[in-house]
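Number of protein chains: 2
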Amino acid sequence: MKTNVVPEQDGLLPVGIDGAYLLELKVIPAAGGPVLRMLRPDSPLFAGFGELYFSEVEPGAVKAWKQHARQTQHFAAPSGRLRVALYDDREASPTRGTLREVLLGRPDHYRLLRIPPRVWYGFTALGTAPALICNCADIPHDPAESIRRDPEDASIPYSWRERNPTGS
Amino acid sequence: MKTNVVPEQDGLLPVGIDGAYLLELKVIPAAGGPVLRMLRPDSPLFAGFGELYFSEVEPGAVKAWKQHARQTQHFAAPSGRLRVALYDDREASPTRGTLREVLLGRPDHYRLLRIPPRVWYGFTALGTAPALICNCADIPHDPAESIRRDPEDASIPYSWRERNPTGS
Chain A
587 MKTNVVPEQD
597 GLLPVGIDGA
607 YLLELKVIPA
617 AGGPVLRMLR
627 PDSPLFAGFG
637 ELYFSEVEPG
647 AVKAWKQHAR
657 QTQHFAAPSG
667 RLRVALYDDR
677 EASPTRGTLR
687 EVLLGRPDHY
697 RLLRIPPRVW
707 YGFTALGTAP
717 ALICNCADIP
727 HDPAESIRRD
737 PEDASIPYSW
747 RERNPTGS
Chain B
587 MKTNVVPEQD
597 GLLPVGIDGA
607 YLLELKVIPA
617 AGGPVLRMLR
627 PDSPLFAGFG
637 ELYFSEVEPG
647 AVKAWKQHAR
657 QTQHFAAPSG
667 RLRVALYDDR
677 EASPTRGTLR
687 EVLLGRPDHY
697 RLLRIPPRVW
707 YGFTALGTAP
717 ALICNCADIP
727 HDPAESIRRD
737 PEDASIPYSW
747 RERNPTGS
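Order-wise, the sequence lines are chains A and B. Numbered per our numbering, the first sequence spans residues 587 to 754. Numbered per our numbering, the second sequence spans residues 587 to 754.
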């Protein structure tokens, strides 16, 4: 299978799931409010521009699980804080069976998360304010190439309810 | 000069400054929070992917004025509310001397604003929460191709202070 290996470089952190990476993003202080960088074609994680959209997540809400056959996700959280869970059940993946959690959001976790195709993902908003995921995906949205499972689906060894029992 | 005319179509609104347009953007309700579309290559306003970043604006703060020689801006406000002012002093522009104000932000003004090169722009956050501009520009940031003027520069017939005397 395609392993999606990205060359090692400063600020780039493997997540522990083959093809998934984190990249630290720059926050540039400015009068009136900071500038938050996200993505440009020379980023080590850039894979093409397909679609840019936001997913707002109400405090405590869970959006899970989803998997794409072809689309690569590039997530950052410019406002609010999120916990993203990833699960790899890809046949022949060197990290098959691995579950990882990743935090996104300012000030400590303003970074880019790359989720490769065929990896399950979901997320929940932490704290008391809505959180905003910005996704800059490599191909346009196509409902035919994504599948969903229920947040508590037994095939994925993760419980949003138990991880986050109060929903907060 | 290049006029940057975009073919007329549903949801596309000329701003009154040559080459500047607004495009209504879809907000798709979903369990846990809505999905907010912003840009894809088949958008009538898409001009290439150069850089994606955010500018956060503190309540009442003014970020102005700026002008780019080559870069086209594509602004949307996924959180908070903003007033953007545009001023056209381009020689040979059919709308030379025109000043326009545009509101961006949910729920009523979630839309894409295209600002062509060589048009002055600035913005201020309305309301009591920080506002977030997402810009998906057609070329990467290059400090050599932008110029700035003071918010109250006398060459531009607009006063942020008078327009917004309380800073709120």
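To be clear, the hints were calculated from the coordinates, so they are not data collected in a lab. Everything numeric in this text was worked out from a predicted model, so none of it was measured. Careful: at least some of the hints might be erroneous.
Stated by the list, open to error - Residues of chain B clear of chain A, computed beta-carbon distances all greater than 10 Å:
hint, residue
1, LEU622
2, ARG623
3, LYS649
4, GLN653
5, ARG676
6, HIS727
7, GLU748
Stated by the list, open to error - Below, in silico cross-link-like pairs of lysine-lysine (BS3-like), each with a Cα-Cα straight-line distance of 30 Å or less:
hint, chain 1, residue 1, chain 2, residue 2
8, A, LYS652, B, LYS652
9, B, LYS612, B, LYS652
10, B, LYS612, A, LYS612
11, B, LYS612, A, LYS652
Said to hold, decoys possible - So these bits of chain B aren't anywhere near chain A, every CB distance computed over 10 Å:
hint, residue
12, LEU608
13, ARG626
14, GLY636
15, SER665
16, ASP675
17, ARG704
18, LEU712
19, SER732
20, ILE733
21, ARG735
22, SER741
23, ARG747
Note that beta-carbon positions come from the ideal geometry of N, C-alpha and C, so glycine has one too.
| task | With 10 Å as the threshold, tell me whether ARG623/B passes as away from chain A on beta-carbon distances. | result | About 5 Å separates ARG623/B from the closest Cβ of chain A, which leaves it inside 10 Å; violated.
| Holds or violated: is the Cβ of ILE733/B farther than 10 Å from all Cβ atoms of chain A? | holds (16 Å)
| task | Against chain A, does LEU712/B hold up as non-interface, every C-beta pair farther apart than 10 Å? | result | Nearest chain A Cβ is 13 Å from LEU712/B, so the label holds.
| Non-interface claim for SER741/B: all C-beta distances to chain A beyond 10 Å? | holds (21 Å)
| request: Grab the minimum beta-carbon distance between ARG704/B and chain A and tell me whether it stays above 10 Å. | output: Correct as stated: the minimum Cβ-Cβ distance to chain A is 22 Å, above 10 Å.
| request: Find the nearest Cβ of chain A to the Cβ of ASP675/B and say whether that gap is larger than 10 Å. | output: It holds; ASP675/B is separated from chain A by about 23 Å at its closest Cβ, greater than 10 Å.
| Pair hint LYS612/B and LYS612/A, alpha-carbon separation not exceeding 30 Å | Holds, at roughly 29 Å.
| said: Beyond 10 Å on every Cβ pair: is that true for ARG735/B relative to chain A? | reply: Nearest chain A Cβ is 14 Å from ARG735/B, so the label holds.
| Outside-interface status for GLY636/B - nearest CB in chain A farther than 10 Å | Non-interface label fails for GLY636/B: nearest chain A Cβ at 7 Å, not farther than 10 Å.
| For LEU622/B, is the shortest beta carbon distance to chain A beyond 10 Å? | Not fine: 4 Å to the nearest Cβ puts LEU622/B too close to chain A.
| message | Confirm or reject: ARG747/B is not an interface residue toward chain A, with every Cβ-Cβ distance exceeding 10 Å. | response | At about 14 Å from chain A, ARG747/B clears the 10 Å cut-off, so the statement holds.
| request: Find the nearest Cβ of chain A to the Cβ of SER665/B and say whether that gap is larger than 10 Å. | output: violated (5 Å)
Hint check: violations occur at hints 1, 2, 3, 6, 8, 13, 14 and 15; the rest are consistent with the structure.
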